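Student: Chain by chain, the residues run as shown.
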Amino acid sequence: MHGLPLTTYDSSRAWNEHTDDDVTLILADRTDDALIARLQAIAVSRANAFVYSWTPGQLKTALGPVNFEIRPVREALVKRFQQ
Amino acid sequence: MSGPASLHSLADFQDEAVKALGATISRVAEHIDTRPDHRREIGLKSGTMLLQAPTGSGKTLMLGRTLEGMIGKLPMKCVWFWFAPYSGLVTQTLDSLAEQCPGIRLRDLTADRSAQGVRDGDVFVQTWGAVAANNKDAKRVRRTREDALSLDDMLATLRAEGVAIGVVIDEAHLNFGVSAGAAASFYLDVLQPDFTLLATATPNDDKLVAFEKAAGVEVQSRVVIDRDRVVRAGLNKWGLMLGYLRMNPGDEALIDFEQATLTAGWTQHRQIRARLEDKDIGVVPLMLVQVEDQATGGEDPVARVKAKLLEIQGVRDDLIAVHTSGQPDADFHMMAYDHSKQILIFKVAVATGFDAPRAWTLVSVRPNRGTGFGLQIVGRIMRVHPLVRPLHGQDALLDKGYVFLTDPDMQAGLSSAVDELKAVRQSLTVLSDQLDVVEYGAAPPAQPLLLSDAHRLAAYVPPPPVDDADRQSRLDMLIDEGVIDADVRDMTPDVVDRAIVAGETARLASQTPLFGNLPEHAGPSAPPKPTKQTAYRLNRDLGLPAALWQEHPLDYRQLSDPVFLSDVADAFCDQSALVGKLGQTLSRASMSLRDLFIDGEEREVSLNLKISNARVAERAQAAFQLNDSIDPRHLERALIAALRARAEDGGYSFTDQDLRRTIQLAVMREPDALMAAIKVEQGKRARLDDTIPIPETIFDYAELTIARKASHGVFPSRMNKPERAFAEMLDADPSGTVQWWLRNPENELWATRMMLPTGARFFPDFAVGIKGRTSRDGIALVEIKDDGEDGRLHSDKNRLKIQVQHREYRNVFWSCDSERGLVQLAFNEALNLIQPLRPFEISRMVFLHN
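So the sequences go chain by chain: S and A.
Okay, so the first sequence: first residue is 0 according to numbering that gives the first Met the number 0, each after it adds one.
Okay, so the second sequence: first residue is 0 according to numbering that gives the first Met the number 0, each after it adds one.
Keep in mind the hints are simulated off the structure, nothing from the lab.
Computed from a prediction, not measured in an experiment: that's the story for all the values here.
A short list of chain A residues far from chain S (calculated; beta carbon distances all over 10 Å):
1. A110
2. G249
3. S339
4. L450
5. M667
Just some of the chain S residues that point at chain A, by a computed CB distance under 10 Å:
6. D19
7. N47
8. F49
9. Q57
10. T60
11. P71
For glycine and all other residues, C-beta sits at the position ideal for the given N, C-alpha and C.
Let's have the full structure, built from the sequences with the hints guiding it.
Tutor: This is the structure we're talking about:
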């Protein structure tokens, strides 16, 4: 989807992150304070970031308007494999 | 360029625009689906949308993501035809869509016009000229051959098969420039689109208005993006500086102003390059140099300017790229991205849409730039390079674009040259609210500025030569540098001395960082000038409360709390009596059979159909996601657990599969019941407060109409026509029922709001103080709607909104204008529709029910 190499997924963590020079990807299985703090930092740095969350509304409520995308995991996956 | 580019995450304003456009397309598609006989009319009257967004705001990205987001979402497939104004932009658009919208399948009209195997979201990108003009290419595309349909036949086939046709007109103001008539006729007669997305950077676009009239379309839906939001998102530079060289009258005959201006541009460019190196940002800046077209038999302006550039210290031949075409073609784009080049000389007069994010500096030596110069040329240097974005608003030098103009006639104060300068200055106002104009050089202080709002930077004036040796040495150097012409050698000593002083002054002015002495005031500390700056005070005498009560959403801990999810599941299972549905595997259906031999003989048979587990599971996944703050996986688990407890208590036999399937079927069939369960449990936990006061002062346009009962004494500007009419009715209430009214602005921190079961917030349009109403502070809330004609009123969101009550202010009065005047609306549960209830009467606002 983003043309990036696969990142090892640590299922014990509430969220996993992949960052390189061009993009930051976060897959959030659960919301926690650390995730919100990390996303606030990303918003300040204007990084090109995509967050995939099962509960995007929780993050939008906590963060307010931000200049990166918070996408629902399920819809993004369905869309990707449509057609 | 290295490797494939990453997807760009949408900024908040882009995301909003994509959602707004997508919502309109969905609504129109549903409308067409239910009234296919009115397809043409709906497409023309409701299907046209306008995206008006500043240059550099990512219009192509927003449009592309809108199209990509529609895939699989509409009741029919949709094929899109995307029109770019030039062939060069076709290539750029194709590259951009391929890179940023991978879900879209790009097709080529010249090679592939098959209607078979069409996919939802197929996109064809071309110019109008490629299809609508009277030329060879267009004729080929419009002719059916043995191996390929004509475009016209392909469109007819697609339409007949129920495939929707969408049109995107990018840079709409240019698209309709030359061949508006042919384009409009092709658009109406051949394309016959169901949806049209127009994109423009130009407010008040005359050409667009002309096209609307010619094609008979009505732009019903507009998404307008403020430049301020683009700047704050880090996509556009904060400010712009315009510099022009001005010397003593008569100096124009002695020194080369073009050379001096190119030097000034290069000096600025070097300063930017050094700053980027200091900050360790791997971007090589680009200086754009715009030259005039070559006159027939005249000198080549590109060669002239290149020769002058090569005379400047530090400029090498290999740093210069030259684009000779008068059109902004693909080469122009490639050159802008070639990091081995630092200067790009070009002739194009219009380059709208072209992307050169590493350009900070523009030198224009082209006369007659015209009123479009700002948007079409200077707009290229307003974008912010992605690698600089983290520093956006923090470095005054990098936060601005720099434009240098030269025109010898300006020195003579010729009115045409001054008018040109004023036109350029005016054209830049569409690009930035922060424009600084600098007149630099050696004009005497007594000489008035060419532009009244310019700053004057006077250079140090060197002394005249002391003797002949000094004269010769200084003259040689200036001629060698190209600052003054070799002919000066033959002039009288006093003229030579004057030329030397003028030349050295010009050189000094050009080599001094031009804007270095100005106060640096870019960035967040200096937001763009407000246009609404008249203060209106709160009228406390009307009896308004200090603050309005607000419902707040649950935080993530509350929403993830297993007790909350379990309570939602219990409420849903109890309401839907689910236990009795365990084990159901068949669904009732009926089928009509027509006898082919007996005319008119038809009968209906009942069937019991086996329901596929896989199909149920697939559909149910979406149904669990009705609130994007609740994890659908956890919600499903809680529902299954609740059903399991009930089944065990009731002594039912079941398998895990039965439980899962029963829950999945139930949420698909009864989404409103699940929504109601969430609403109840959310309501029990939602926090309410009145801690943010109504502002003492609001800022709006000057001289607004006075309103006696308005919170701040005037009718605020941010109201649409029905809202304004309603406000006037409240203000004129002679009965004394209305004590005050307040426009409740969406998303303002202090505004009252309710929580919807989807997790979204609902800000009713008005809060009204009503005499005799027993809700908190006697407040009634009012929501004003346009009308129900085009289906927008009956959207899912509105049906949810009309069913919620404010916990303090209670029922919300919904109203819309109709032929019979203002009517009150209510929700009809049996029909699941919002319907007119009765004429709207202020006297009924005392009641806590509708």
